[in-house]
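Q: Turn these sequences into a full structure, and let the hints guide you.
Taken in sequence, the protein lines are chains A and B.
So the first sequence is numbered by this note's numbering: it starts at 1 and just counts up by one.
So the second sequence is numbered by this note's numbering: it starts at 1 and just counts up by one.
Quick caveat, the hints were computed from the structure, so don't treat them as lab data.
No experiment lies behind these values; they were computed from the predicted model shown.
Accuracy of the hints is not assured; some may be wrong.
Claimed, not checked - Dumping the calculated PhoX-like pairs for lysine-lysine here, alpha-carbon to alpha-carbon at most 25 Å: (1) B/354 to A/405; (2) A/102 to B/102; (3) B/208 to A/212; (4) A/212 to B/102; (5) B/297 to A/102; (6) B/161 to A/244; (7) B/161 to A/212; (8) A/161 to B/208; (9) B/102 to A/156; (10) A/212 to B/212; (11) B/405 to A/156; (12) A/405 to B/405; (13) B/293 to A/102; (14) A/244 to B/50; (15) A/208 to B/161; (16) A/156 to B/354; (17) A/297 to B/102; (18) A/297 to A/334; (19) A/102 to B/156; (20) B/354 to A/102; (21) A/161 to B/156; (22) A/293 to B/208; (23) B/212 to A/161.
Claimed, not checked - Just so you have them, the derived chain B footprint on chain A, three or more residues with Cβ under 8 Å: (24) 146-152; (25) 189-199; (26) 400-412.
Claimed, not checked - Simulated DEER-style distance windows between Cβ atoms: (27) B/300 to A/218: 18 to 26 Å; (28) B/306 to A/268: 54 to 62 Å; (29) A/102 to B/306: 42 to 50 Å; (30) B/314 to A/268: 18 to 26 Å; (31) B/38 to A/12: 51 to 59 Å; (32) B/125 to A/214: 26 to 34 Å; (33) B/432 to A/314: 23 to 31 Å; (34) B/229 to A/102: 19 to 27 Å; (35) B/306 to A/214: 38 to 46 Å; (36) B/137 to A/58: 49 to 57 Å.
We put the CB at the ideal spot given by N, CA and C, even for glycine.
There are 2 protein chains.
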Amino acid sequence: MLKESVIEAIKQIVGSENVQLEETDLYAYGYDASPEFYHLPEMVVAPGSKEEIIQILAICRTNHIAIVARGSGSNLSGGTVPVEGGLVMLFTRMNKILEFDKQNLTLTVEPGVITKAINQHIAASGLFFPPDPGSMQISTIGGNISENSGGLRALKYGVIKDYILGLEVVLSNGDVLQTGGKLTKDVAGLDLTQLMVGSEGTLGIITKAILKLMPVPETNKTMIATYRSMEAAAQSVSDIIAAKITPATMEFLDQVTIKAVEDFAHVGLPTDAAAMLLIQQDGHPREIDEDIKTMAKVCRDGDAIDVQVAKDEAEGAKLMAARRTALSALARVKPTTILEDATVPRSEIAALVKFVNETAKKYNLYIGTFGHAGDGNMHPTCLTDLRDEDEIKRVHLAFDEIYQKTIELGGTVTGEHGVGLAKLPYLPWKLGRAGMRADQAIKKALDPDNILNPQKLYGEEVMNHD
Amino acid sequence: MLKESVIEAIKQIVGSENVQLEETDLYAYGYDASPEFYHLPEMVVAPGSKEEIIQILAICRTNHIAIVARGSGSNLSGGTVPVEGGLVMLFTRMNKILEFDKQNLTLTVEPGVITKAINQHIAASGLFFPPDPGSMQISTIGGNISENSGGLRALKYGVIKDYILGLEVVLSNGDVLQTGGKLTKDVAGLDLTQLMVGSEGTLGIITKAILKLMPVPETNKTMIATYRSMEAAAQSVSDIIAAKITPATMEFLDQVTIKAVEDFAHVGLPTDAAAMLLIQQDGHPREIDEDIKTMAKVCRDGDAIDVQVAKDEAEGAKLMAARRTALSALARVKPTTILEDATVPRSEIAALVKFVNETAKKYNLYIGTFGHAGDGNMHPTCLTDLRDEDEIKRVHLAFDEIYQKTIELGGTVTGEHGVGLAKLPYLPWKLGRAGMRADQAIKKALDPDNILNPQKLYGEEVMNHD
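A: In structure tokens form, the structure reads like this:
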């Protein structure tokens, strides 16, 4: 329970209209977009400036109150669930686009800006912000930075971290870091920008970001290849990369996902195929034509049943939009959707997908797999029911095996959804004891009182390891 | 002085043939490629494996002996000068290319591999490793990673950090980190890969790296634009970026540099021009042609006296090779060359270059400026004589002002050469007290005994700040 004096002090800082304390209001901030984690915060606070954040941090430090920074709560690993109660911090008042610098191709934003608004804001300029996480319609850029979000264009364009040039970050001791700048090169000191990206709100509170923009590619072209086997589809992914082509997007959908998407979006997907690849290339028209031609040949040589090239950008966009519905489409099938995020070297996609299917069969589960095949980033998605305790137990056993296999294949336990609570048990498998210890040492160095999103990323033992 | 027992113990570990102790042998390891810093190490040791490194670290920790990891010593900021004596560690025995993975487009290497050997090794594959630091003929990949080196292709392709997918690092406590992997996406834990890149050997000893490769661009084209004023040249840089073109290379040379290079390389550079831009674009032939045409127009519209397009790749390569001689060419003019590394947002290049010239005049110095204009990364190079104490004093006063101006323009005190000893006095100007404190806290967390390259990056006060 927060002390009355603490509540009053925080109200004084931000104004009582920017504080929520009623359980009915707090309820919405106890969970994120993952189904299995829930904990009620004690207070929700929306500061209006970094100065207010510094003051709030001072109070929390003195009183050992946890602070969880939260964007729109669309994250998929329990990362913003306030497991120790305390404060959930919102950035709804810090949601301005501060500066569009056309000469240096940068956009400076506050953390509460909705990701989609970024490209809307600069649409007329011929520039764009490449990262396109699936949640971008509702997610905030602050949340995307904290999770180092990926998206469909990551194969060619990279992920969020590749587009963050600088940050303003308030540390738990009240220090304000100004990292990086409108600079394409900067080696002055440790790379704290990259350390903060993906640190899931555990090292500091991001209050400003300088984003890197790129020229919009001239045009794009989209194609679909369908397969009788998932292995053949996965092989085509490797073959395309081996043919020295880097498409903007190369998505994989298995039959479960194809059917769910087609049922939902009605775009004419081949529901009898075992797997399909959805590929988009962008750039100079001549180059795209050549790439699409080469990729079509690679797919056909690789036993694709059928290869179709979208007739224009609009048709391509329709297909991409359909792919974006995959999660929602699957979610309609059963009450609970457990979306996973296993990532392997792209040469191992076939092995991973095969193992997922064998494991689903073994545990009698319904798992659809889709994902960013070009990145080796797959999302096996279990359609289940949280109320069915026996099945949920089997879900966990199955994913334990799937992540063990992922690691064996040289992969990682999360490609873009973050560790949060969901992946914490698996994290030591990837990092080893040495990696966990190093991460924990850095956490202790920058947040010695462990008030920033505690119990995440480093585990509960963070404060008492040897 | 190292104790006899320490010397014997280290000889036991690596074999006495891999230890150097004679002053005549040690001499070469007391300096790097910057002229102003020198300190003799007490021992030079070349371990053959990470196991040997772990044992050496244990001895150094117990006995408080400094260890400076050193590639080829081509670094330009005093970063590998062993200011506390102790050990200089070489990687001449850990210089193998371990694996070329054509499916995942990765190359796994030991730190002692010469950077140039990387592209030689994979030349036949149609893949390449884009980073091309000026020193690549002699520098090691371990050194490049530790310095986060840049190069001539950084505008389009980025710098070293963009091509390091994973690292094996021995920490000072003997823990072995395995970061990242053959993965294009990985958000499991803090990004220790990027934290290690550019940390100048202060956080751990790199023993392995997984490098990302890219398909070789189909072809390239090179052009030169010459100007009556440096401001006009700098303006063309901004105008080209504003025209949504990202050339692979966009280099700036002032008249002092043009003359020195022409004198040295005889490639027909326009020695009467106040400044020139050397621009190379690569990719699909059709796209290149359009880009070169657009850039030529932008330069002409921007008051270029003359624009010349190289007739073929060979002529382009000759021009690029001439540019690469800039430092050596300038170094011939006077006994001492002090090469600086000021980096600004690219919109501020003209302002920076103008200020450099005014400052040179003010202090009666001979400064040539060249650099990676597209990155805003300029190398004002003072041609002087270390024996002329009065002039050297003026050099320092001039560069104090130049770096102050760089910071005012939103820039940084080092774009690609690292902090080392040379930039340490300026570092707080960029990072602020908060940034220095955060860096120091991380150093203390990962190297609590301060044995890894002490007195660099964090300053002497690292171990006793409040």
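Q: None of the hints should be skipped; say for each whether it holds.
A: Tested hints:
The hinted pair formed by residue 354 of chain B and residue 405 of chain A fails the criterion: a straight-line CA distance of about 59 Å is larger than 25 Å. A threshold of 25 Å between alpha carbons decides the hint, and for residue 102 of chain A with residue 102 of chain B the separation of about 39 Å lies outside it, so the pair is violated. Note on residue 208 of chain B and residue 212 of chain A: the hinted pairing is violated, with a Cα-Cα distance of about 30 Å set against a maximum of 25 Å. Among the hinted pairs, residue 212 of chain A with residue 102 of chain B is inconsistent with the structure: their alpha-carbon atoms are about 30 Å apart, more than 25 Å.
Of the pairs offered as hints, the one joining residue 297 of chain B and residue 102 of chain A holds, with about 20 Å between alpha carbons and a cut-off of 25 Å not exceeded. For the hint linking residue 161 of chain B to residue 244 of chain A, the alpha-carbon distance of about 22 Å falls within 25 Å, and the restraint holds. Between residue 161 of chain B and residue 212 of chain A the CA atoms are separated by roughly 16 Å; this keeps the pair inside 25 Å, and the hint holds. Taking the CA atoms of residue 161 of chain A and residue 208 of chain B, the gap is about 23 Å. The hint holds against a cut of 25 Å.
In summary, the hint linking residue 102 of chain B to residue 156 of chain A is supported, as the alpha carbons are separated by about 18 Å, within the 25 Å threshold. Note on residue 212 of chain A and residue 212 of chain B: the hinted pairing holds, with a Cα-Cα distance of about 21 Å set against a maximum of 25 Å. Taken as a hint, the residue 405 of chain B and residue 156 of chain A pair is broken in the structure, with Cα atoms around 37 Å apart against an allowance of 25 Å. Simply put, residue 405 of chain A and residue 405 of chain B have alpha-carbon atoms about 54 Å apart, too far for the 25 Å limit, and the pair is violated.
For a cut-off of 25 Å, the pair hint linking residue 293 of chain B to residue 102 of chain A stands: about 22 Å separates their Cα positions. Proposed proximity of residue 244 of chain A and residue 50 of chain B is contradicted: the alpha carbons are some 34 Å apart, above 25 Å. Proximity of residue 208 of chain A to residue 161 of chain B is assessed by CA-CA distance (about 23 Å); at most 25 Å being required, the pair is judged to hold. Taking the CA atoms of residue 156 of chain A and residue 354 of chain B, the gap is near 38 Å; set against the 25 Å cutoff, the hint is violated.
Pair hint residue 297 of chain A plus residue 102 of chain B holds up; C-alpha atoms about 20 Å apart against a cutoff of 25 Å. Proposed proximity of residue 297 of chain A and residue 334 of chain A is contradicted: the alpha carbons are some 38 Å apart, above 25 Å. Taking the CA atoms of residue 102 of chain A and residue 156 of chain B, the gap is near 18 Å; set against the 25 Å cutoff, the hint holds. Restraint check for residue 354 of chain B and residue 102 of chain A: the C-alpha separation of about 22 Å stays at or below 25 Å, so the hint holds.
Simply put, residue 161 of chain A and residue 156 of chain B have alpha-carbon atoms about 17 Å apart, close enough for the 25 Å limit, and the pair holds. Annotation: proposed proximity of residue 293 of chain A to residue 208 of chain B is violated, straight-line Cα distance about 38 Å (limit 25 Å). Pair hint residue 212 of chain B plus residue 161 of chain A holds up; C-alpha atoms about 16 Å apart against a cutoff of 25 Å. Check on the stretch 146-152 of chain A: 3 of its residues sit with their Cβ under 8 Å from a Cβ of chain B, so the three-residue criterion for coverage holds.
Counting residues of the stretch 189-199 of chain A whose beta carbon lies closer than 8 Å to any beta carbon of chain B gives 9, which reaches the threshold of three, so the coverage claim holds. Interface restraint, the stretch 400-412 of chain A with chain B: holds (3 residues with C-beta to C-beta distance below 8 Å; minimum three). For the hinted restraint 18 to 26 Å between residue 300 of chain B and residue 218 of chain A, the CB-CB distance of approximately 23 Å keeps it satisfied. Distance hint check: the CB atoms of residue 306 of chain B and residue 268 of chain A are about 57 Å apart, consistent with the given range 54 to 62 Å.
Between residue 102 of chain A and residue 306 of chain B the C-beta distance comes to about 28 Å, which lies outside the given range of 42 to 50 Å. Separation of residue 314 of chain B from residue 268 of chain A is about 51 Å and departs from the stated range, judged on CB atoms against 18 to 26 Å. A hinted range of 51 to 59 Å for the beta carbons of residue 38 of chain B and residue 12 of chain A is consistent with their spacing of about 58 Å. For residue 125 of chain B and residue 214 of chain A, the Cβ-Cβ distance of about 28 Å falls inside the hinted range of 26 to 34 Å, so the restraint holds.
About 50 Å separates the C-beta atoms of residue 432 of chain B and residue 314 of chain A, a value inconsistent with the hinted range of 23 to 31 Å. Range check, residue 229 of chain B to residue 102 of chain A: about 23 Å between beta-carbon atoms, so the 19 to 27 Å window is met. For residue 306 of chain B and residue 214 of chain A, the Cβ-Cβ distance of about 31 Å falls outside the hinted range of 38 to 46 Å, so the restraint is violated. The hinted window of 49 to 57 Å between residue 137 of chain B and residue 58 of chain A holds, with their beta carbons roughly 54 Å apart.
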